[in-house]
Amino acid sequence: MSAPRTQDYVELQVTTNFSFLRGASHPHELTHEAAALGLKGLGVTDRNTLAGVVRVWSAAKSHENFAMRVGCRLDFIDSHPSVLCYPTEREAYGQLTRLLTRGKTRERRGRKTSVCEIVGSDLYEHAEGQVLIVVPPAALDDAFERALAALAHDFPDHVYLAGSRRYAARDHRRLYRLAELARTARTPLVATNDVLYHTPERRPLQDVMSCVREKTTIQQAGLILEANAERHLKSPKEMARLFRDHPDALARTVEIFDRCSFRLDDLRYEYPHEPVPPGKTAMQHLRDLCTAGAAKRYPQGVPQAAIDLLEQEYALIEELGYPHFFLTVHDAVVFARSQNILCQGRGSAANSMVCFCLHITAIDPLAEKLLFARFLSKERDEPPDIDVDFEHERREVVMQQMYERYGRDRAAICATVIRYRPRSAIRDVGKALGLSTDVTARLADTVWGSWGDSLPDEHIRQTGLDPDNPEILRATLLATELLGFPRHLSQHVGGFVLTERRLDETVPIGNAAMKDRTFIEWDKDDIEDLKMLKVDILALGMLTCLKRGIDMLNADADCPLRVDDIADFPYEDKAVYDMLSEADSVGVFQVESRAQMSMLPRLKPKEFYDLVIEVAIVRPGPIQGDMVHPYLRRRDGIDPVIFDKPSPEFGPENELKDVLGRTLGVPLFQEQAMKLAIIAAGFSPDEANGLRRAMATFKHDGDVSVYRDKFVGGMTRRGYQPDFAERCFKQIEGFGSYGFPESHAASFAKLVYASSWIKKWRPDIFCAAILNSQPMGFYQPAQLVRDAREHAVEVREVDVLLSDYDCTLEAAGKVSPITRYGAFKAVRLGFRQVRGIDSENAALLMAARDAGACTPEALARTGVMRRTLELIAQADGFRSLGLSRREALWAVKGLDFTAPAKAAKSNEAPLLALMGDPAEAKVELPGMRLPAEVAEDYRTHGLSLKAHPCRFFRQSLAARGAVPASTLKDKTIRDGRVLSVAGLVLIRQRPGTAKGVVFITLEDETGPANVVVWPDRFEANRKTVMTAGFLLVRGKIQRDAGGGVIHLVAESFEDLTPALGLLREQRTVRPAQPEPVPDLVRSRDFH
Amino acid sequence: MKNARRLTAVNDAAAKAGLHPFQTVADALALEPDLITEDADPDADLAALEALGDWCVRFSPAVAVQAPDGLMLDIEGGEGLWGGEQAMLDDLVTRFRGAGIPACAAIADTVGAAWALARFGKGRRVVPSGAQRAWLEPLPIESLRLSENDAETLVTLGVSSVGGLLKLPRAELARRFGPGVRLRLDQALGDAEEALTYRRAPPPFFERLAFFEPISAPDDLLRVATDITAAMSRRLAGALSGARRFELGFHRVDGRVESVGVGTAIAGRDAKRIAKLFAPKLETVDPGFGVEAVTLAASQVERIADAQGRLADGVHENACSFESGGEDGVEALVDRLANRLGEAEVWRPAARETWIPERAVERAAPLAASDKAWPADRPRPVRLFHRPEPIEAIAETPDNPPVSFRWRGRTHRVRKAEGPERLAQEWWRAQDYGPDKVRDYYRVEDAEGRRFWIFRAGLYASDATPRWWLHGLFA
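In the order they appear, the protein sequences are chains A and B. Per the working numbering: the first sequence = residues 531 to 1617. Per the working numbering: the second sequence = residues 5 to 479.
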């Protein structure tokens, strides 16, 4: 036999791992392998999806003489044979995406939203301009021959037949049969290898995925699995050898490849034209809007610097072609303002004068002097990045407006690729390998947070399993390999993609699980790579809170201030900074967490930029890079401010001064880290961008260690200290997916300032506004109310006649503090605090009240739900009618809710009416003791204004040696003294950056106490630490260098949780079953 | 966490560790890493409770099963046999304890009172007749079998004991809680009727023959075995049932019992057939000084179809024999072989779904139907060697079939060949999975028309001489 001739080959049947649980390689792995093997190109044919094509396209760009073609394997729910569909040009591509969109949105009962269901006739309607390669089924029967012939007849010269060498017993025979079929049907034979993975080593993983897909185990799977590992990419030489009897089939792969002229680059973005009025160019319109906006921003006259900056930005926007982008964002913001919805932009492009003048952001680039004024970069050639946050409860209004304005066929939300994480990976692999659910659950539970390249052996040992056991080892290895594989697509939280032409001719669109939402198959990175336009419409709880606060401020006649926007709060108020410097920040945006609270007194913010730093510094990036302490020491003047520098031969010694100047020579922001990569480590802007994205995406793109070598190596070679280089890289790793650029920090800092301002000057309004925006933030209503009361705010009980659904402000008693922004009002708790009452039922009650009903009978007659009144009674909300909790419940229980509505107005006097039916026998219900009242308050609405539960235990706590939490604030207590503190557990945290340390926040009747638990103490007291609701901790006082922050370093614990049961009424006989642990406070646990 | 796995029951050790029902397994494991969990099986729980109920028939024929954890016995008039109610209660609880079942029990005039006292009373309570009111008053209202909602509301109102509830005016109570609370109260006090659904235990399939004179001759043993089998057959026929397991017990005068058992592949009741299965085993029975009684117990009883039932009925008994052939014949043959050779020795080869040829067969139950088949497009030899035999072959690289090969000292020239069929090993079995675990199979025909199944081990690698094996012969 003659030696096989080497010729060009293109693999046209490739399944990536975006065909979920089928393909066992990432798109970039397949691409790089194909290029390395010397293939001329690669076609991607995932099953009924285009979700992976952009990844292949991006990866292919880095190889010369190599290209990809967009294709899709179409599987049909009727008996039509599967087809590899390759669009030859743009229009055909649009037909393909429309076909897939139809399959994804087809209405059928019981259909899963994620599935794409198409039938043979759909193909016929969309086949114009496609190359169709028919995939022969296992049995080449008459039906198949007929289907093949029919397709070839209708689309002559566009239909091919695929043939593969699978190393089955009768390969050659089958290939000859296919060649014969191809001749008769005039559908030329095309060689493919039906690839499932890039190298044969992936066979085990592919088998495991098949088991997961078919819900079986590896032992049971049998013939579902492949017989061998041949479905990998093969070199042109090897393919030529395998197809030596059919050289034409090989040559045809290149023929088809050349025939398809469609490239993803052709999807050049066409901006929606809506925002531009007729007769104007987009750029003109943008200039006009900015000019008008600037006049508003600078009522005293627009400074020349602002005009100059605007001109610079215009030039760049025009050059890069993004005027529509800004106009579109502006459009959304204008709409929100018209609906009175508070919003604020952030993101690198949001740092611009244009955005400030368009009122997209509240950051004045001139005033704030941010480091990174350049909002667009020519080198990066990326679309601008602006995220806009809206009030979380009204964001949907804006989203629906986007659909409304641009139409559902031109607007949709990006996808988010949900990937295998350690827990899900080990769970699925364990199940597939036939490990018991018990063992699998144990392995999964060893994973706290993330897990790098492999599961540490000691974690496995801790569960009582042997890490050297081959089955365990195999499971952890395969699970590690599976990490980062896509599992399914979900909708992004708010990234909108907008196009001028039909969006479904650009990318397949499917229905989201959420009503009235549609989302595309590509995620944010894909959109970015394709340079399509995306606007992030995000939801932020603090904006809801601020909006409510602003409305209350404006409604308060005493308050001289009028606020329309976040930018309108009085600027740089020292009192606000003083409050923050004392860590008085419960409820404040971002800086309310315990870590932030211990940072505030150290950083002592004095001006706005300090808040920008405060927001950015307590994050994984700076912490992992060990940048926090050097920064603080320089700030406090302990260490001198110096700038690390390269050897003189490599560059000027102050090359980092511009980048790190404002942060005292210590990199804190993501942009600084990226700049370091470029300036100090010698990265190209493109490479720096690749680095950022490699870190942001979890272990699926590129190799971290390659970047590490390049970064650390690059910096040290240029003469930087290796330690500094190493820390900088660690910081970049820490940024990971929580990358926090200065521009975000600046926008967030605005919200920090605004919320602090309200808290400082009007804690009454702050309390009501934040309670009305729950759930949000770090603290629960009990702590927010407590904080308000500590700030001299009077808080009043929920009441059936006086409360609204929301918390409201009422005229305060006589002794209310008065500030220059008005006197504090009293906060009346709303029905929303009561568990089980929703806004609709509350509205019914309020409407009935408005109509004059002021007795339970009258309310019952006007359609208020029995349950609503019962819940209010149980929450002790009938005091204004003179009824105790139990009397009220008894009265409400006796009401007749079925009686026809007689009169809307009740003539009876309220108290008389409450006696109910005068014929009823009088019932003496047992009275309730205060502890029980408090327990009931907590049970029904999560807080009590009557007392703190710990108060009732003070004597017995004292007997156990526990001091009140407020004692810890006593400055005379020495560092290292041993004390005990007891309280309800509010928060438990085990941050990934803290190396196994657990932080607990306790609260007793005198205030909160911060407890630190070192890993050895935690392991020894695991159960108590993780579950106790009421905890006594004995430990050593640890005082911070600054003197402000005090922790109790735990040594021993006592679980007092069962004692909480004593608060409730004693039973006459204890039941035989142990009573469940009382659920007074549910701690918020973060791990 | 709707789909979280939760605990349904915990043992004492787990309870001591702070675990409780309804806790998620993840939480429980976090607390107690050494926790052993077992999937809940409510059906099995109910079956066990029912079995326990059936056993309780010794105390009273009227047993009601109250899932998930209660049994209610109507012992009216039966206590005398046990020497009074307290003695009866003690006996019951002691027997339960002996079986490892920690039971709580109480006796009262009413179902409600007994239920309450068993669960919320202390110790083994026997409530004197008519005294239930006084005994119930201190108990928590949960003891009244109220709905969770009603009980919760009452506790919130400060009414936490039965006594407290009794103090409330009846009309006002009914107005607020509907008839439910009042009915439960009345039932517990005996003011309202309560009907229970009693369980009827299935009649045991058990026969006993006693002899006036002890027997010991082998012929006699065979005769009584046949007699008792016939009696059992009639009893099974009456219940339209058959059994798959029969246990014959010879009760000797010295008190010892010699037993032999037989099983059948499908449920049956053909007396002759069963007796024949026993016959060879009777040799092992040692009658000692004589056998005074013989018992036969049938288990794994199933209802069997009419057609089969009719065949085994007395009238047609003769028509149904081993020699009659057909399906029945095979079954009988299987039974006879299995009882003589041991059940493990009679099997049917069935397809097993794996690509590895030597593992593609498994032993199936002789009469089990198999839904699996070997893949049609993968020809397999009629004779597959237990161990592949090494051969020397000359073949072109990398994966061409051999031109000739030498097997058992003879050279075969290959005239036709098909392949390779590449089969990789099952990596999850082998620890050292690698490329040499791959085999390339060829179907080859030599010049004389004989066909062989040969394979090369490992992928072709230029530095190693490939090893060849012969694995089977085609027809």
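If you are wondering where the hints come from, they were derived from the structure by calculation, not from laboratory data. These figures come from a predicted structure and were not determined experimentally. Check before you lean on any hint, since a few could be wrong.
Said to hold, decoys possible - Derived lysine to aspartate or glutamate pairs resembling DMTMM-like cross-links, with alpha carbons at most 20 angstroms apart:
#: 1; chain 1: A; residue 1: Lys-961; chain 2: B; residue 2: Asp-43
#: 2; chain 1: A; residue 1: Lys-767; chain 2: B; residue 2: Asp-154
#: 3; chain 1: B; residue 1: Lys-376; chain 2: A; residue 2: Asp-915
#: 4; chain 1: B; residue 1: Lys-420; chain 2: B; residue 2: Asp-375
#: 5; chain 1: A; residue 1: Lys-745; chain 2: B; residue 2: Asp-78
#: 6; chain 1: A; residue 1: Lys-1205; chain 2: A; residue 2: Glu-756
#: 7; chain 1: A; residue 1: Lys-961; chain 2: B; residue 2: Glu-430
#: 8; chain 1: A; residue 1: Lys-1525; chain 2: A; residue 2: Asp-1505
#: 9; chain 1: A; residue 1: Lys-961; chain 2: B; residue 2: Glu-176
#: 10; chain 1: A; residue 1: Lys-1553; chain 2: B; residue 2: Asp-154
#: 11; chain 1: A; residue 1: Lys-1423; chain 2: B; residue 2: Glu-36
#: 12; chain 1: B; residue 1: Lys-276; chain 2: B; residue 2: Asp-290
#: 13; chain 1: B; residue 1: Lys-285; chain 2: B; residue 2: Asp-224
#: 14; chain 1: A; residue 1: Lys-745; chain 2: B; residue 2: Glu-430
#: 15; chain 1: B; residue 1: Lys-171; chain 2: A; residue 2: Glu-756
#: 16; chain 1: A; residue 1: Lys-1452; chain 2: B; residue 2: Glu-176
As the list claims (entries may be wrong) - Here are some of the chain B residues that sit facing chain A, going by a computed Cβ distance under 8 angstroms:
#: 17; residue: Arg-180
#: 18; residue: Asp-224
#: 19; residue: Val-257
#: 20; residue: Trp-411
#: 21; residue: Arg-419
#: 22; residue: Gly-423
#: 23; residue: Glu-425
Cβ coordinates follow ideal geometry from the N, Cα and C atoms, glycine included.
Quick one: which hint numbers does this structure break? Sort them smallest to largest. Those not satisfied are hints 2, 3, 4, 5, 6, 8, 9, 10, 11, 12, 15, 18, 19, 20 and 21.
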